[in-house]
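Trainee: Sequence:
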Amino acid sequence: MKFLQNNKLRKQLMYNEDAIEVVIKTDEKDAEYIEEICEEITDLIIDIIKYKILKEYVLKHYSDTYENEKEDIYIHSLNLFNEKELFIRDTVLSRVCDYVLSNDYLNLDGFVKFRMKEFMNFIPALGDMALEEYLMQKDQDEFISVLKYFIEIQEEKIDLLRVHIRNDNSFMLYDKDGNKINSIDDEEIINMVIKENLNYEDFLISTLLTLCPKKIEIRDSLKDNCSKEIIETIKSIFGNRVSEIRPN
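Going by the working numbering, the first residue of the sequence shown is number 1, and it counts up by one from there.
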């Protein structure tokens, strides 16, 4: 856990067994002082939530089933927390300011447990979302590993495949001479698409697997998060076979 670097507040921190207490000087309660104290108390509370409360929850609730993966699940929960941290911090700061304006003493442990009791309900939900995200990512990684192996053992069928991701989120395929490629006929790949319930973008991946090109050139006219994700997936499967071509 990182602690506060501001000397003014550090001198007023008191450690009582596992609790951290802050003494607030009543004769220094001007606006600047209050703002500085509240900001740094909020930083400390955020750290306590992220690196103590959240971690303890994940390790306690998922260790039995996911003993070897609990740290990865915790990292996923941290990432989810970080996505919401600005909103969370604003909420914590508001409550800290309300408390500091009428009190000269703050026990951080008690403040988090009782003054933010309903907020603590967010921790289990965050942990569950992190677990779900982790398992989905794990399945995706394992699936990509299978596809990479599939590529490695296949004979290259064409020298160059040009992929054009169009503005309507569809795709067109061309060979090295610019001839359009219309269909696939690999029964194993088609069965994989059906079995895995793949979507339109996944169908592009399955088509690439069928054609098994030596090189892939991608031209992305869509340029949104979806197309970027597709390109990253293609790169993760085909590695250095893939290059991106800027649209004219």
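No wet-lab data here; the hints were simulated from the structure. Watch out, some of these pointers could steer you wrong.
Think about it this way: if two alpha-carbon atoms lie no more than 27 Å apart in a straight line, the pair counts; the simulated BS3-like pairs of lysine-lysine are [said to hold, decoys possible]:
1) K84 x K70
2) K117 x K52
3) K138 x K180
4) K223 x K180
5) K214 x K157
6) K148 x K117
7) K50 x K157
8) K138 x K148
9) K70 x K138
10) K113 x K176
11) K113 x K138
12) K52 x K157
13) K215 x K176
Between beta-carbon pairs, the in silico distance windows are [claimed, not checked]:
14) G110 x A31: 23 to 29 Å
15) S94 x V146: 18 to 24 Å
16) D98 x L59: 31 to 37 Å
17) Y105 x D30: 37 to 43 Å
18) K117 x E232: 38 to 44 Å
19) N169 x P124: 46 to 52 Å
20) E56 x E229: 30 to 36 Å
Since this is a predicted model, take the numbers as computed values, not measurements. For glycine and all other residues, C-beta sits at the position ideal for the given N, C-alpha and C.
Trainee: Between G110 and A31, is the Cβ distance one that fits in 23 to 29 Å?
Mentor: holds (26 Å)
Trainee: Would you check the hint for K113 and K138, treating anything up to 27 Å between C-alpha atoms as holding?
Mentor: Cα-Cα ~34 Å, so violated.
Trainee: Lying within 18 to 24 Å: is that true of the beta-carbon distance S94 to V146?
Mentor: violated (49 Å)
Trainee: The hint says 31 to 37 Å between D98 and L59; measuring C-beta to C-beta, is that right?
Mentor: Since D98 and L59 have Cβ atoms about 32 Å apart, the given range 31 to 37 Å holds.
Trainee: Given the hint that K52 pairs with K157, does the C-alpha gap stay at or below 27 Å?
Mentor: Not OK: K52 and K157 at ~54 Å, beyond 27 Å, violated.
Trainee: Is the straight-line distance between the alpha-carbon of K50 and that of K157 27 Å or less?
Mentor: At roughly 51 Å apart (the allowed maximum being 27 Å), K157 and K50 break the hint.
Trainee: Does 30 to 36 Å hold as the CB distance between E56 and E229, or does it fail?
Mentor: Because 34 Å falls inside the window, the suggested range holds.
Trainee: If you check the beta carbons of K117 and E232, does the distance land in 38 to 44 Å?
Mentor: Roughly 41 Å apart at Cβ, these two residues keep to the hinted range, so it holds.
Trainee: Can you confirm whether the C-alpha distance between K113 and K176 stays at or below 27 Å?
Mentor: Violated - the C-alpha atoms of K176 and K113 are around 65 Å apart, more than 27 Å.
Trainee: Check whether the Cα positions of K148 and K117 lie no farther apart than 27 Å.
Mentor: Violated, at about 47 Å.
Trainee: Is it true that N169 and P124 lie within 46 to 52 Å of each other by Cβ?
Mentor: violated (37 Å)
Trainee: Just to be careful, I want the Cα atoms of K138 and K180 compared with a cutoff of 27 Å; is the pair within it?
Mentor: violated (36 Å)
Hint violations for this structure: numbers 3, 6, 7, 10, 11, 12, 15, 17 and 19, all remaining hints satisfied.
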